[in-house]
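Construct the complete structure from the given sequences, taking the supplied hints into account.
In our numbering, the protein residues as written are 1353 to 1478.
These aren't lab readings, by the way, just hints derived from the structure by calculation. These numbers come from a predicted model, not from an experiment. Just so you know, even glycine gets a beta-carbon here, dropped at the ideal spot from N, CA and C. Any given hint might turn out to be false.
As the list claims (entries may be wrong) - Here are the simulated DSS-like cross-link-like pairs (lysine-lysine), alpha carbons at most 27 angstroms apart as the crow flies: (1) 1442 <-> 1464; (2) 1384 <-> 1464; (3) 1425 <-> 1442; (4) 1472 <-> 1425; (5) 1472 <-> 1384; (6) 1416 <-> 1472; (7) 1442 <-> 1384.
To be verified - Just the calculated beta-carbon pair ranges, DEER-fashion: (8) 1468 <-> 1442: 33 to 41 angstroms; (9) 1460 <-> 1374: 15 to 23 angstroms; (10) 1438 <-> 1370: 24 to 32 angstroms; (11) 1422 <-> 1442: 15 to 23 angstroms; (12) 1419 <-> 1442: 21 to 29 angstroms; (13) 1473 <-> 1434: 49 to 57 angstroms; (14) 1415 <-> 1472: 29 to 37 angstroms; (15) 1439 <-> 1476: 50 to 58 angstroms; (16) 1423 <-> 1466: 17 to 25 angstroms; (17) 1471 <-> 1449: 30 to 38 angstroms.
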Amino acid sequence: METGYPAVPAAESVMQDESGREFIRLGIGVRKDVIVEAGFRIDPELPEGVSAAMSGLLALANDKAIMAASLIKAADIARCLDPDDAETPKYAAIAELMLHECLRNYSASYNKARAERLQKRETEGK
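Structural data, given as structure tokens:
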């Protein structure tokens, strides 16, 4: 299953097993430090609750600044899910982990690009 996955994501996070089989892939598109698009791909064999948690995550993170999105917790995601499902906390925790890994990856690529720009500017200035 796939939902609105960005054509060229600014960052991604992937949950996979030791053999490389992907279970979940989250991607975000960012403009001016705001998440302007987000989507996920999920193995259809995973429980529907995981997909619901990822959908809840997208609803919470879309159109949020990166810093605001970093404050989204499993409890926030769980409020978007079925409160009677005993697995809801686990599914929400998975979605939170996927988001925070994706945001760390975005931050790392942003910082690398910034360092490269500064290095280039310094080199051209000599």
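Tested hints:
In summary, the hint linking residue 1442 to residue 1464 is not supported, as the alpha carbons are separated by about 33 angstroms, beyond the 27 angstroms threshold. Annotation: proposed proximity of residue 1384 to residue 1464 holds, straight-line Cα distance about 16 angstroms (limit 27 angstroms). Note on residue 1425 and residue 1442: the hinted pairing holds, with a Cα-Cα distance of about 12 angstroms set against a maximum of 27 angstroms. Restraint check for residue 1472 and residue 1425: not satisfied, since their Cα atoms lie roughly 38 angstroms apart, outside the 27 angstroms limit.
Distance hint between residue 1472 and residue 1384 is fulfilled; the C-alpha atoms sit about 21 angstroms from each other, no more than 27 angstroms. Between residue 1416 and residue 1472 the alpha-carbon distance is near 31 angstroms, which puts this suggested pair outside the 27 angstroms criterion. Under the criterion of a C-alpha separation no larger than 27 angstroms, the hint pairing residue 1442 with residue 1384 is inconsistent with the structure, at around 32 angstroms. Residue 1468 and residue 1442 have their C-beta atoms about 40 angstroms apart, which keeps the hinted 33 to 41 angstroms range intact.
Between residue 1460 and residue 1374 the Cβ separation comes to about 20 angstroms, which falls inside the hinted range of 15 to 23 angstroms. Between residue 1438 and residue 1370 the C-beta distance comes to about 28 angstroms, which sits within the given range of 24 to 32 angstroms. About 21 angstroms separates the C-beta atoms of residue 1422 and residue 1442, a value consistent with the hinted range of 15 to 23 angstroms. With their beta carbons about 27 angstroms apart, residue 1419 and residue 1442 fall inside the hinted range of 21 to 29 angstroms.
The hinted window of 49 to 57 angstroms between residue 1473 and residue 1434 holds, with their beta carbons roughly 52 angstroms apart. Checked against the hint of 29 to 37 angstroms, the pair residue 1415 and residue 1472 passes, with Cβ atoms roughly 32 angstroms apart. Here the CB-CB span from residue 1439 to residue 1476 is close to 55 angstroms, well matched to the stated 50 to 58 angstroms. Range check, residue 1423 to residue 1466: about 23 angstroms between beta-carbon atoms, so the 17 to 25 angstroms window is met.
Between residue 1471 and residue 1449 the C-beta distance comes to about 33 angstroms, which sits within the given range of 30 to 38 angstroms.
In summary, the numbered hints that this structure violates are 1, 4, 6 and 7.
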